[in-house]
Structure formats: C-alpha cells, structure tokens
Amino acid sequence: MISKSWAELQKMHRACTIVVETLEALAQAALAGTTTKELDTISRERILRAGAKPAFLGYRGYPATLCISVNDEVVHGIPGKRKLVEGDLVSLDLGCIVDGFYGDAARTVGVGKVSAEAQRLMKATEESLHAGIAQCHPSKRVGDIGAAVQQVAEGYGYSVVREFVGHGIGTSLHEDPQVPNYGPPGRRERLVPGMCLAIEPMVNVGGPDVRVLDDGWTAVTVDRSLSAHFELSLAITRHGPWILSEPYPYGASKEAEAAVHA
Amino acid sequence: MPEGPRRGSEARPEPLEVNGRVLESLPNALFKVELETEKRQTITAHVAGSSSLLRILPGEAVVVELMAYDPRRGRIVRRRS
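Line order of the protein sequences matches chains A and B. Take the position in the first sequence, starting the count at 1, then add 324; the result is the number in our numbering. Take the position in the second sequence, starting the count at 1, then add 40; the result is the number in our numbering.
Some hints here could point you the wrong way.
Stated by the list, open to error - Partial list, computed: chain B residues near chain A (C-beta under 8 Å):
| # | residue |
| --- | --- |
| 1 | MET41 |
| 2 | PRO42 |
| 3 | PRO55 |
| 4 | GLU78 |
The set of hints was computed from the structure by calculation and includes no laboratory data. Ideal placement from N, C-alpha and C gives every residue a C-beta, glycine not left out.
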C-alpha cells in the first residue's frame with residue numbers, strides 16, 4: 325500500500341467523480357430493450373469525453389469498459405447482445421484512469437419495476453457498503469470493514485460472496501490490501517491516513533457460492549439466486565472516510581491537506 | 041471491479057515426472073539420483089512426504105519430480121518396482 329498525497333487524492337477524486345456520474349447516466353439508460361453492449365458504448369464515450377481512460381478495458385485481457393452483471397450474475401459480466409428486460413436486476417461496475425490514478429465504483433439498478441425481493445437485496449447491499457465505509461477511521465483495521473458489511477448483509481438473511489474482494493486502489497486498479505466483505509473484526513491491516521480502498525460488497529439472496537463461466541470472467545451464483553453489487557472508492561483521512569466521488573467532507577482544503585498527512 | 045482469486049496456482053508450472061535410479065544416499069535425507077533420460081543427468085533429490093521413502097538404498101529405481109525452477113533438484117515421489 326502506498327499512501328497518497330493530497331495532490332494525488334485530487335486526481336483520484338476526479339476519476340471517481342467521472343465514474344459515479346457515468347454510472348448515474350447508465351442507470352437512466354438501463355431500460356428494457358437496451359443491449360448491454362449499448363451501455364458499454366455509452367460508458368466508454370462518456371469517460372473519453374471527460375478526458376479519462378477506461379480502467380477495465382484490457383485489464384488482464386478484459387474486453388470492455390463496463391462490467392454488467394444481470395440477475396444471477398454476480399460480477400464481471402461482459403457486455404454483449406443481451407437485451408435488458410423489465411424486472412432485470414443489473415449491476416454496473418465501472419472504472420477510469422485520470423493522470424495515472426484509478427477510480428472504481430459500482431451500483432445495482434432495476435430495469436423498470438423489479439420484485440420486492442430485488443429491491444430489498446439492493447437496499448441491504450448498499451446499506452452494508454455504507455456500514456463498511458463507516459468503519460474507515462485511522463487505527464481501525466481492514467477486518468472491521470468486512471465484519472460490518474457481513475453483519476448487515478447477513479442480518480437481512482442474505483449471504484456475502486467470498487471469492488471476490490475489495491481492494492486498495494491508486495496507481496493501479498488493484499493494490500494491497502485486499503478488503504474481504506466478511507471475517508472477524510480487529511484483524512488484518514491497520515487503516516492509516518492516505519490509504520485508498522475500494523469497498524465492494526457482493527450480496528446473494530441464496531448461498532454465497534459463485535462460479536465463473538467459460539468466458540473466464542462472468543461470475544454467477546451457483547444456486548442461480550439474485551445477486552447485487554455496490555462499490556465506492558474512498559480515502560482514509562485523519563477525520564474518517566472521504567468517499568472520493570464526493571467533495572471533501574471535512575472543511576477547507578488547507579485543513580484537509582493536514583488531515584491526510586497527520 | 042472486485043479482485044478475484046489470486047491466480048498463483050495457474051501460473052505455477054506443472055512438475056515433470058521422470059524415472060531415475062538412486063546412486064548414493066547423502067546426508068539430510070538427500071539422494072543422488074541418475075535420471076534415465078537421454079542425457080543421464082545426475083541430480084540431488086529429497087523425498088516427498090516422509091518416512092517410508094527414507095529407506096531408499098542405492099540402486100533402487102524411483103520416480104522423481106522435476107520443476108523448472110532448479111533442474112538439478114528433484115523430489116522422489118515413489119519407488120518403481
């Protein structure tokens with residue numbers, strides 16, 4: 325893990341803002357009849373127009389800008405000819421690079437009207453993400469994040485995916501430490517100011533088991549149950565978490581500079 | 041994009057099994073083994089697992105596993121008889 329400077333955090337803030345704004349546009353565009361490929365094209369154009377570069381395209385050979393995972397697909401779904409239909413639960417995961425610094429975020433949206441179960445799953449997953457973020461204070465540990473996420477998600481009676489984890493982020497998409505969405509509190513790396521993490525719970529209605537399809541990417545739930553995925557990138561500051569797609573929340577920037585380095 | 045399982049095991053090369061004959065018993069449960077390949081190379085090998093393979097005597101026919109990391113080292117997997 326490399327601690328980021330204030331100037332570097334500004335770049336990550338920019339990257340994360342582009343990602344989250346693009347996700348918002350995609351959420352609006354995810355209508356019945358749209359193909360997943362069309363959403364991929366929208367995301368690529370928006371990222372390029374903002375002066376950034378797609379982060380996933382070419383990553384370990386990944387062939388697209390966007391990961392789009394429908395219903396029982398958990399993560400890493402590859403955009404293609406599939407048409408979204410009313411009631412689909414669609415996870416959109418996107419990343420971009422600004423001046424060499426990465427931003428990464430994801431959200432799950434419903435196409436049109438979705439089932440009550442799907443809505444409850446989205447609520448549980450997003451809530452678990454924010455429970456994890458609430459742990460992001462210096463001197464806490466990475467294990468506290470996972471424990472908080474797991475407690476919320478399993479409190480809803482859902483299960484947390486183990487095979488995929490959140491991660492440090494910065495000058496590459498995946499940096500140390502790994503950030504699992506489960507496990508005992510008080511373990512793993514200590515959180516320090518300047519550390520940047522992507523926290524991303526993947527929550528299934530059924531069991532936690534997933535398998536990867538023959539395309540080498542798309543992960544689906546083994547029991548074919550619905551799965552949702554929310555993700556935000558954040559920086560640890562002296563005052564607590566800074567969700568990098570939002571403005572710096574702890575006052576003026578002079579003070580902020582000190583906050584990161586303390 | 042979540043980080044997937046570390047793919048270390050995929051990157052590791054498969055060991056290669058080769059027939060050999062023990063020439064000499066060395067200290068520390070090591071053995072000098074002559075490979076029954078064209079080049080008749082002699083390598084140093086340790087035993088896989090434990091105990092029963094330790095009582096290998098010079099002249100015995102064995103199977104050794106070779107890895108790309110160090111071609112002059114191997115591990116004796118089993119006896120051949």
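Do the hints match the structure? See the list:
no.	hint	result
1	MET41	6 Å, holds
2	PRO42	4 Å, holds
3	PRO55	25 Å, violated
4	GLU78	38 Å, violated
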